[in-house]
Every structure is written in C-alpha cells, then in structure tokens.
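Model the full assembly from the supplied sequences, consistent with the hints where possible.
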Amino acid sequence: MKNEQLNEKIPDFCFRLQDITKKFESTVALTHMSLEVRPGEIIGLIGPNGAGKSTLMGVFTGVVPATEGRIEADGQVYSGEKYSTTIARLCGIACCYQEFSVCANLAVYENFAITVMDHKPFGERGWRKKMIRQSQAILDEVFPDNQINVRSKVASLSIEQKQMVEICCAMATNGLKVLILDEPTSSLTNDRIEQFHRAIRGLKEKQISVIYISHKLEEIIRISTRILVMKNGEKTWEGETQNVTAEELVNLMGGSIAVRREAEKNRIEEEHLVDVKDLSNDVLHHVNMHVCKGEVVGISGLGGSGQRELLNEIYRAAKGGRSQYVSISGDASFVSGDRQKEGIFKLWSIADNTIISSLKLLTGRKLLDERQCDDLAQRWYDKLKFKAAGKEDLITNLSGGNQQKAIIGRGIASEADLIIFDDPTRGVDAGTKKEIYSIIEEISGLGKSVIWYSTEDNEMLECSRVYVMRNGTIAAELEGDEISVDAVVATSFQDVEQGGERRDTKEKESMGKRMLSVLTSGSGISVLVLIAIWLIMGMFNSNVNTRMGMTYMIGTALPLVFVSIGQMFIVESGDINLGIGNAMGLVSVISATILAENIGMGLLAILGVWILYSAVAVLIHKRNMPSIVVSLGMMSIWLGIALLLLPTPGGRAPEWLNAIFTIRTPVLPVQVYMCVIAAAAGYWLVFRFKYGMVLRGIGDNPGAVSKRGWSYFTAHVVTYAISGFFVILAGMAMTYVSKGADANAAFSYQMMSIATILLGGCAFSGGIVEPVGVVAGALSISMISSMLTFMQINSNYRTGVIGVILLIVLICGATLKRRKVN
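The UniProt record's numbering puts the sequence shown at residues 1 to 822.
Derived from the structure by calculation, the hints contain no laboratory data.
Here a beta-carbon is modelled for each residue, glycine too, at the ideal position from N, C-alpha and C.
Possibly wrong hints are sitting among the right ones.
Unchecked claim - Here are the simulated SDA-like cross-link-like pairs (lysine to any residue), alpha carbons at most 25 Å apart as the crow flies:
(1) K319 / T363
(2) K739 / M635
(3) K319 / E271
(4) K341 / Q147
(5) K235 / E68
(6) K130 / G202
Unchecked claim - Pairwise CB distance ranges (calculated):
(7) I611 / V670: 26 to 34 Å
(8) D118 / G75: 18 to 26 Å
(9) L604 / T714: 20 to 28 Å
(10) L632 / R198: 55 to 63 Å
(11) T86 / T665: 41 to 49 Å
(12) E392 / L446: 24 to 32 Å
Here it is, written out as structure tokens:
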C-alpha cells in the first residue's frame, strides 16, 4: 500500500482529521475542520442541515477526497488527496450512511459479503453458507426478532429492515475500530432504537469508537460521551456530554427549543374526508378509521405493523384505484420518507422537484405557464429556506435534509385536499422540523387534512388524533389529552385480537406466491414462451422434434444466444452496447478469412478484438462518456475493419470449427448442449461466482460497492471482458451457420440482442439479469422467425409480427408482476 507516510506515531487518539478543507467548485463545504477520535468513545456529531457533517465523514471514510488537510489513521499520516476507501477499510473504519449504501438487487447476506470478505475474485469453499450464518447471527444479535430472511433480496425489505441491514453491515466490518453512524435511527421505531443503543454500548466496551450523527438530540445526549457541534462547515463547539443540555445544543446550532403546544382542533366533525372500513389484505386486518376535514391524524406503532401499507391503500384509492374498503372525497398528495427511492428526481432542479405535483395548477391553454411555475417554485424555495445557490440548483447538490424539504414542499404545493406524510422528517434537523410543524398547522387551518406516519413518537403530540397500529390492525385510537409518548409506546406493545379468519391460509398464500414468483420471474416467462413456441412449431412440422430438426433450429439460434449473453453482461454493469452486433460481425469475418487460413494469426487477431472490446470500458469510465455514445462510435469502427478485411460476403468456415459444431453427442444434438452450457456458465458467473456478486452490485449501486473498497473501474473492465468472450463465440457461431461471413449481416443482432435480454427478464438498470431467461429468450426469438416461415407469413411482415409478439409477451409479464406486487 503506497501512501505519504510521516514519522510520528499516534499517542492519545487512534484517528485524527486535521485542518480539513473541502471545496466543491465554488462551494466550500468544510473549512479547517479537525476531529480526534479516542479508543472506546462515542462522539455525538450534530448541526443543522448543510453543516458539513456528512461531507466530513465522507472525508474520513475516503469517499470524498479532501481539498486540504491530512488524515492520521492507524499510526500513519496521509494527505487528503492520497487517502482512499481502501486505506480507510484496512484501518478499520466503517460507515452506516444516511442514504442507504446497500445494493437492492443483492440478497441480504451478499451485502454482508461484499462488506466483510477479502477482495479476491474467488471465495473459499463454503463461503456462501458461512456468510448466511454470519449475517443472520449479527442481525439477530443487534436486532432480535427482526423478521429478516438473509437470503431475500434487499429490495423486498421494508425501509426499517433496510436500515437494520445497513447498520449491521457496517458493524460486521473486519477489524472494526471506528464506526460512523450517519442518521442511523431515522427509520427505526423506539424499540429498535433501544436494541441498537444496547449494541453500541457493547462496542464501547470493546474499545471500538463510534461517531454518532443525528438530529435527535435526546438520542445524542443519551448515547454519547462527547459532543461536537458544526455549522457552515466549521466546528462551533465541542465538550463532554454531561456538561450540556438539549436546549443549549439547539442554541449552539442557531435555533431555539419549541414550546410544546396542544394541537389545534381545526377539524369539521361531521365531514369525513377519508373513511376506511374493515380493510383487510395480506398485511392489514380489519382496519377501521376516518379522517375529518381540517384534521391532522397521526399513525404510529411498532415498525412493520402495517402503517405504510395503510398509507398506500388510502393513496391508491385517492388516485382512482378501486377499493371496497376505502372511500375518499378529494385529491391526495403523498410525501415519502424514502427520498432516494420514492422521492427526488435526481437529474432535476429544486424548482422542478417542487412543482412536479402541481402541474394542473400551472397550465394555461394546455401548456405550462412558465411564469406561474417560476413563482410557485420561488415561493416554496423561500418558505422552506433551502440552503442552496438558488431554486435552479440541482437537487443532488443539497444535503439529505434539504432534499426532504423539496419533497415536503412538493406535497403541500399541490393544494391537495389530503396530504399523506410517510415519516417526512426523517433525517431533518430540529429547526427544519419546527418549520414543517408550522406548515402542517397552517394547511390544517385552511381546512385541508393530513395523515402523518412517523417513527418518532413525540411527533404524535402535534396531531389531533392518533391511531396506534399493532400486527396490521388498529390497537387504539388516542385523542386530545390521551395523546402522550407514554400512551403511544404502551399501546404499541398491546396485544390485539385480529378478529376473524384470514381470507387464505398462510400455507396456501406462501405456496401461491412461490408459484407466481417462479412464473413471473424473467426466466420463468421466457421459458414458458419457449415451450409454447416449440409446441406450436411441432403442430406445424413434426420434424421439429427430430434430431435433425433440433440441430437446425437450435444451431441457427446459437449466434443470438451468445451475443445476447454478451449484451446481458454489459447491461449488468449499467451500460448498453449498440455496436455489439458489428463487433460480432468482425469476429465472424476474421474467422472466415484469417482464421481459416492461419489458425495462429487468426487467434491473435481475435485476441486483439477482445482487448480492444474490453478497452471500451476504459474509455467510458475514465472519460466519463455515455456508453451509448461510445458504442455508436465503435459500431462504425467494427464495421469498417470488417469491410476492409472482407468487402463482400465470402470466406469459409474453418474445418475444425465445423467439426466442433457437428460433434456427435448422445441423446440430443451438440447445439442443445452448447445452449445449456452457455446458460449454466452465465448463471455461474452471475450468481455463483464471488466476483459476480460484486458485478451485480455495481450495476445497482456503484457508489455503495465503491464505499466498501471494491474498484468500480476494475468491475467495469471485467464485465466488458466477459461480454467480449461471448461476442467471440457468437462471431464463430455465425461463421459456422452461414459457412462464411458477411460484415453487414451482423447489424440486425444489435437490436435483437436488446429484445432478447428484455424478453429474458433483464432490466436496463439495477443490475437485474437472468442468464437462463436470456438463453430461452434468444431461442424463442429465433424460433418465432422460423415459425412464421412455416406459417408462410410474407417476409415483409415478419419483423412487424415478431415485434407484436414480443410486445404482447412483455405486457403479459409486466401485468403478472404487478399482480404479484399488489
């Protein structure tokens, strides 16, 4: 490990940030910040939104390079620009980030694996079972009765469960010395917070240091030994926790403690805006509630008791979804607490993020009124007091709390009759919370209604009525003087009768869900389509089921099978290759010319193509160029080289290549076994190969994987190298099928490979790929063309018919998946 080493050893502290300055172009995020971390202490780090807390921790973990200053870690000293995530990881520094850094497309145990395992591509025998045991053990230790199946994908978890996984992944870091917690309890309920704090005290006893960032001052005072206050990128105060009160901390941050008030009774009793009667589904059981006009209704209870499912049912009914259980008279807006997944539009400005739900109010003659848009955006920008360069600033340039302000402003600016808040103050500082409370009181006074779910029980004191949920039903309704933190907590643990039978038994539900899950998976749909097409073709021509028929049908599909798997690996990394067909065509030309005459020179030429193909990832990554632009440029390069070698169709397939594709195999033709091997190889590389786990993680959340010390650049090159290998196989298969080569004939494979991976269940984002589905999809598309020939469909219409069939299949698949979700 190369670094700038100085000669001093660390005495009374184990880590130190000294005179750290960080600039983002003209914005100064940190100014000469210093922080010492001693063994076994818990440092509470607080400050208003935009104070620079997360940026400082980004420097500490190596994610954000410091502009000036130095970091002393584990006895060595590094300049800010030389410090990295790898150094931080080796020094035992781990971070639980405010914005989730788990990969949604990976299983829970896989997220643990990329956190704690070494960075060698191959894992030791039994590593998967070991990680399943370890991840389950730490989750059960920190959060007993967590109801998390570590084999499940993170995407299927609730936001609270995701936060548990995020926390435990950080705590599982090998050689942990400093644990940084950035708003770790923002989505946790009180019982989970108590479990978490117990675990933190256990780390303290092991001399592991903790830096605890939170806007919940009561937590900071309860758990920390020392507190550091930041404002405007600078340290404004530092001292022992026992020497300061919550009120003094608020004053140090430039705010003031709000005086507790009784919620205003603005509701119109006789007018119900929302009525929920006997609502039951897989999660909710016989829920009954109502919301009056002008009322602020709180939803509370232990996390996972059905609060979010209830909010979603009400919102769905408000937006026209048919429901026999929910009736609502008026429009509704929804403010999500999961700002990264359901909240912000990352490529948009603050203004656009704020007004997107108010478009009906801003149209004149069917078009948006630019002046009205600007006025509305400016009004809420001023009202919510964003810390930004202006309303046209990108939303991603804001701190997490300021991003949440934009989402809240969006919901309120829509002027809907009902505003549904799903934990809106998650990750928001005390001053901003006070502003939000005032806005809620203001809109309630205008006769609008609010349903407010919060994981902070003290926020229920702002409501006129509170429904406390337990096990998917209403445990109690509190009103007026009955509302208190103690009452909410006590009722949260109250046992409730669910009353009545479930609509289906648990066993039947799980069986049905498992079958539906298999059928609606990408591979399941693709395989079903393949079986259907094969049966239809067998009806038209019985020779399809003979050895000769299989040899022809599968053999002609092999080029598409291989090139589609190659495209699948590109898509896995979050890119797309529009020149993959021409690259395949170049390999075919080389095989039919150079390779047919001189095997040594031919293999060397193909190796050159493979190297150049892999180098495309370097160009995309290092120059930060869109893959679609680079691949379009390479499309012409591949075609140009191929035409130089073979201007017109010709050449011949090498004898040894023909021999490989005509090997006599038992039971089934060799082409069938090639497809099986291709599917198995793709599956192993994606789901069983240890590094395949990293590649999938990069496709979903490259930042999260990079924060764990894995190289995004290396992963990018590896995906292109694997893709290039399958492109070479595709080019050779094309030479075998056509008995020669045609540089222009490969062009159609570019679009066909994209259609294939879509049919096979892959997605253009999120690292979601299905190797078995891709192979089945390639066979299906190839056979659809053959089937249309058997049916004597005019060649002029075949492309259109294939497109219509694919569209129908994709729509049916999407419908089945939607039903599974609902």
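Quick rundown of the hints versus the structure:
For the suggested pair K319 and T363, the alpha carbons sit about 20 Å apart, so the restraint of at most 25 Å is met. Taken as a hint, the K739 and M635 pair is honoured in the structure, with Cα atoms around 24 Å apart against an allowance of 25 Å. Under the criterion of a C-alpha separation no larger than 25 Å, the hint pairing K319 with E271 is consistent with the structure, at around 20 Å. Straight-line distance between C-alpha atoms of K341 and Q147 comes to about 22 Å, which keeps the hinted pair within the 25 Å bound.
Note on K235 and E68: the hinted pairing holds, with a Cα-Cα distance of about 16 Å set against a maximum of 25 Å. Our distance criterion of 25 Å between C-alpha atoms is met by K130 and G202, whose separation comes to about 24 Å. The hint said 26 to 34 Å for the Cβ distance between I611 and V670, and at roughly 29 Å that hint holds. The hint said 18 to 26 Å for the Cβ distance between D118 and G75, and at roughly 22 Å that hint holds.
For L604 paired with T714, a C-beta distance near 26 Å keeps the hint of 20 to 28 Å intact. Separated by about 56 Å at the C-beta atoms, L632 and R198 satisfy the suggested range of 55 to 63 Å. At about 48 Å, the CB distance of T86 to T665 agrees with the hint of 41 to 49 Å. Distance hint check: the CB atoms of E392 and L446 are about 29 Å apart, consistent with the given range 24 to 32 Å.
Violation of the numbered hints given earlier is absent; every hint is satisfied by the structure.
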